[in-house]
Amino acid sequence: NAGVTQTPKFRVLKTGQSMTLLCAQDMNHEYMYWYRQDPGMGLRLIHYSVGEGTTAKGEVPDGYNVSRLKKQNFLLGLESAAPSQTSVYFCASSYVRGETQYFGPGTRLLVL
Amino acid sequence: SQQGEEDPQALSIQEGENATMNCSYKTSINNLQWYRQNSGRGLVHLILIRSNEREKHSGRLRVTLDTSKKSSSLLITASRAADTASYFCAMIKAAGNKLTFGGGTRVLVKP
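Chains A and B, in that order, are what the protein sequence lines are.
Here the numbering used here is used: the first residue of the first sequence is 1, the next is one more, and so on.
Here the numbering used here is used: the first residue of the second sequence is 1, the next is one more, and so on.
The shape of chain A in the complex, shown without the other chains (with noise of 0.2 Å):
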C-alpha cells in the first residue's frame, strides 16, 4: 500500500499563473481534506470531501478549488496564484468521520 501520494513535491509559480495538485490514497477512505501548513503554524484546512462527488468547505477555501470525481483522487486547483499562497498544502484521508487521518508527504508551493 503507498498510502496516500501527493504529486508534486514542489512547484514554482509566478503570480497569476494556475496549477492542480493531486493526491491519490489507495486505503478506500471516503473521507479526504486538504491542508496548508504556514511556518510556525498548525495546519489548517481548506476543503475536504466526504465522498466521491462530493465537496465542502474549510477554514481557509478562498483562492481555492477541488474535485474529486474519483474515490481515490482529491484536487487541489489554484487558478489565480498569489504569493500568499506560498505554503506546504498537505492532502489527508480518513476512513470514518472525525477519526484518524493519514496524511501525504507534502507539497511545496513558492509563488513569486
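Fair warning: there could be bad hints in the mix.
Unchecked claim - Listed below are the simulated PhoX-like cross-link pairs for lysine-lysine, each with C-alpha atoms no more than 25 Å apart in a straight line:
| id | chain 1 | residue 1 | chain 2 | residue 2 |
| --- | --- | --- | --- | --- |
| 1 | A | Lys57 | B | Lys69 |
| 2 | B | Lys93 | A | Lys57 |
| 3 | B | Lys98 | B | Lys69 |
| 4 | A | Lys70 | B | Lys98 |
| 5 | B | Lys69 | B | Lys56 |
| 6 | B | Lys70 | B | Lys110 |
| 7 | A | Lys14 | A | Lys71 |
| 8 | A | Lys57 | A | Lys70 |
| 9 | B | Lys70 | B | Lys26 |
| 10 | B | Lys69 | B | Lys26 |
| 11 | B | Lys93 | B | Lys26 |
| 12 | B | Lys56 | A | Lys57 |
| 13 | B | Lys69 | B | Lys110 |
| 14 | B | Lys98 | B | Lys26 |
| 15 | B | Lys98 | A | Lys71 |
Please keep in mind that the hints were generated in silico from the structure rather than gathered at the bench.
Values in this document were obtained by computation on a predicted structure and should not be read as measured data.
Based on the hints, put chain B in the right spot on chain A.
Showing chain B alone in chain A's frame:
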C-alpha cells in the same frame, strides 16, 4: 483563532529524559488526537483519546485528557534522538467532523 494552543512552543532535552507537552482547547470535543511531524515530512498519527477517556498509552507515549480543564498532555518517556520532531494536538469538536490543529511543539532530543 486556533481551537488548540500548545505549550511549550519548543522543548530541548537530553536523550533518555522525559518530554511533556500540553494542549489546551476552547470548546467541547469529541476526541483529541496527537500527531508527529518530522522535518519536511507529512504528519503521522500517534494516539487518539476520546472525550470519555482520561488516559491512554502507546509504547513510550502517554496521553492524558482533562475535559474539565479543557486540556491534554503528551508524555514521551526515555526520549531518543529519533523523537526529534514537531508534535501537534488536533481535536474534533463535539458534533463536528473536522480536525482543528494546534500550533505544535518542536522537540529537540540531543544525543
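Checked hints:
1. A:Lys57 - B:Lys69: Violated. Lysine 57 of chain A to lysine 69 of chain B sits at ~31 Å, over the 25 Å cutoff.
2. B:Lys93 - A:Lys57: With Cα atoms ~17 Å apart, lysine 93 of chain B and lysine 57 of chain A stay inside 25 Å; holds.
3. B:Lys98 - B:Lys69: 22 Å, holds
4. A:Lys70 - B:Lys98: 21 Å, holds
5. B:Lys69 - B:Lys56: 17 Å, holds
6. B:Lys70 - B:Lys110: Status violated; Cα separation ~31 Å.
7. A:Lys14 - A:Lys71: The given pair, whose Cα atoms are some 31 Å apart, is violated under the 25 Å limit.
8. A:Lys57 - A:Lys70: Roughly 18 Å separates the two Cα atoms, so the pair holds.
9. B:Lys70 - B:Lys26: 7 Å, holds
10. B:Lys69 - B:Lys26: 10 Å, holds
11. B:Lys93 - B:Lys26: 10 Å, holds
12. B:Lys56 - A:Lys57: 33 Å, violated
13. B:Lys69 - B:Lys110: 32 Å, violated
14. B:Lys98 - B:Lys26: 15 Å, holds
15. B:Lys98 - A:Lys71: Roughly 19 Å between the alpha carbons, so the hint for lysine 98 of chain B and lysine 71 of chain A holds.
Hints 1, 6, 7, 12, 13, counting from the list given before, are not met by this structure.
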